Amino acid sequence: MAPLDLILTAAVTAAACAVPGVFLVLRRQAMASDAIGHVILPGIVLGVFVTGTLHSPIVIIAATLMGILAIITVEAMERSGLVRGDAALGMVYPALFSIGVIMVSMRAGSIHLDVDAVLMGELAMAPLRRFEIAGHDLGPWSLVVMSAVLAINLLFMLVFYKELKITTFDPAHAASVGFPPSRVHYALMSLVALTVVAAYDAAGAILVVAFIVAPAVIAYLLTDHLGRLITLAVLVAVIGAWAGVEVAVEADANVAGSIAAVFGGMFATAFLLAPRHGVAAKSVQRMRFAREFECGLLVVHLAHHEATAAAAEENRADTLEKHLSWPAARVTRVLDRAIRRGLVQQVGPLVVLTDTGRAQAREWVKPLG
Amino acid sequence: MFFNSTLETVALGTGALGALAGALGTFAVLRRQSLFADAVSHAALPGIVLAFILIGVKDTLSLSLGAALTGWLGALAVLAIVRASRISFDSALALVLSVFFGAGLLLLTAIQKHPDSRQAGLERYLWGQAATLRMEDVRAILYLGGLAALILFIFWKEFQLLAFDPGYAAGIGLPVTLLDSGLMLLLVIAVVLGLQAVGVVLMSALVVAPAVAARPWCDRLGTTVLLAGVIGGVSGVVGTMVGHALRAPTGPTIVLAVSACVVVSLSLSRMRKVLRGPA
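Respectively, the protein sequence lines represent chains A and B. Just so it is clear: in the first sequence, position 102 is 102 by my numbering, and no numbers are missing. Just so it is clear: in the second sequence, position 22 is 22 by my numbering, and no numbers are missing.
If we strip away everything but chain A, and leave its shape as in the complex, we get (with noise of 0.2 Å):
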């Protein structure tokens, strides 16, 4: 059993970063976290300068206003036409990442700033900081930020549901309706950056992506409702953080790290076996209309030669094997399947339709006119 300071600060980094997730992944903007997640590096390094410490209000703020920053030049350099949005977002934020890498590492000696935990974050060490005021110890700093930025991710989604809906599943209705859908886009990546900055010391700037998306991901598999998709991140997030620490304490590895790839496992199991959108169950379902769609073709072949002269060449059971191009195997167990579903009786060579198997005929033809 892991200790609960660190699960507690795990659970509630994954559920925070799990709400604006949703509405990335369903606006497929999911690979703008892993920009932001990069470009805040340069931020943070600023903000360390100037304050001295990476634990301040005033590194937070700096490093989300250089998230935006970078949104809107991807967005400006996209409108210039000279380069696609992919190529765009692939190219600027390593270059400001890069400029951050290299501030830290020439000023290494004065900052207590490590690249390598920029990259895998320290969750392990979250609990040893403590979020002071006036003496009064209020538990782990990363526990008392991330509950803060949970809650203003709650707040927002709850005051602005309606519009986030609206622009997400609908964007020329929202604007015709007054709701501009590039205000509440910039909302949301503001609420993205300053989610991403403020779990950065906790997940580090990659897997920082896999706490945003992964959970989103997951429940989008599992449900079709906006607001059960929203609950079911937040829960699938907790309980892969909890599990991802009882992983990486067992292993003595990356707390982060162990998160992600108990994600991975988790989308792993619902891509397979999901109730109606896995894979399984979808073979299920395509395995379920081939059989149908058998029994379809059988009984209006019947149907159609019924009561022609051709009836007695058409509609025998020896030579539906050709005048249907299937394969024996087939035609046998086709016969059989309708036979026991009441569609078709076998009269001596011939196979008559029922009246059942004549009403599902016309049923299968009627969309046809």
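If you're looking for bench data, these hints aren't it; they were derived computationally from the structure. Wrong hints could be hidden among the right ones.
Pair by pair, the computed Cβ-Cβ distance ranges are [to be verified]:
hint : chain 1 : residue 1 : chain 2 : residue 2 : range
1    : A       : Phe-169   : B       : Glu-136   : 54 to 64 Å
2    : A       : Met-125   : B       : Gly-56    : 22 to 32 Å
3    : B       : Ala-80    : A       : His-225   : 36 to 46 Å
With a Cα cut of at most 20 Å, we get these calculated SDA-like pairs of lysine to any residue [to be verified]:
hint : chain 1 : residue 1 : chain 2 : residue 2
4    : A       : Lys-282   : B       : Arg-86
5    : B       : Lys-157   : B       : Cys-218
6    : A       : Lys-162   : A       : Arg-228
7    : B       : Lys-273   : A       : Arg-79
Keep in mind the model is a prediction, meaning the values are calculated, not measured. Virtual Cβ for every residue (Gly too), placed ideally from N, Cα, C.
Model the placement of chain B on the given structure of chain A, informed by the hints.
Structure of chain B alone, referenced to chain A:
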């Protein structure tokens, strides 16, 4: 004053890496798969650590093979997720990239405590430590790079068609899926090679930026690929020198060198447009 034999080796290595990544990255940029490079490079991390755990040595070739394997798996995972579920391309990319990287870190930090496995050699794949490149690494780079160039040369016509008109390529009966995986393999090779110069995190810049810088000045695929290769190679050498002089990590300085090329190229092309007036 910079030139000594070690630095010459390093500059040769990073120059070759930059040239290869830039040339091969042209296809990714043209096919709007720029962010694929990002996913592949992050997904390479668990492969590097696994190769080290399984084989126990740190030679460039086996680690690169491990990196290529999981990088390739990561790319396939993205494609499979997009094809078989309702998850969008960018979500799949973000998910695969972060989960693979997380798994890699989990493994890396778990073996760190292992007595005789100082992973000093592995760290160069995180940030790129070009300074540790040795002659045998450079040789491995040249072998793999030569292989990639050979594949590119043989299937040039097919790849070109695929990049510009995949629908037509399928229409005239080319094995599009196979060629697709061929191009993906080239991208994986470029990424895996570049990892040693700039590291997992910054790799996408080295693949994407040279092509973006070359694009406004070329009308033909061949010249774009060549120019991107030259830009990547020069950036590799210049970045290494600057990093060496400033005593900063070379990965970030290489990335900044290539980013500077993009800024200059795009500004010049903008100016050219303004001078010529509307077309």
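Hints, one by one, checked against the model:
Checked against the hint of 54 to 64 Å, the pair Phe-169(A) and Glu-136(B) passes, with Cβ atoms roughly 56 Å apart. Take Met-125(A) and Gly-56(B): their Cβ atoms lie about 31 Å apart, and the range 22 to 32 Å holds. Checked against the hint of 36 to 46 Å, the C-beta distance between Ala-80(B) and His-225(A) comes to roughly 26 Å, which is inconsistent with it. For the hint pairing Lys-282(A) with Arg-86(B), the CA-to-CA distance comes to about 11 Å; that is within 20 Å, so the pair holds.
Of the pairs offered as hints, the one joining Lys-157(B) and Cys-218(B) holds, with about 18 Å between alpha carbons and a cut-off of 20 Å not exceeded. With a CA separation close to 15 Å, the supplied pair Lys-162(A) and Arg-228(A) stays within the 20 Å bound. At roughly 16 Å between alpha-carbon atoms, Lys-273(B) and Arg-79(A) fall within 20 Å of each other, so this suggested pair holds.
Hint check: a violation occurs at hint 3 only; the rest are consistent with the structure.
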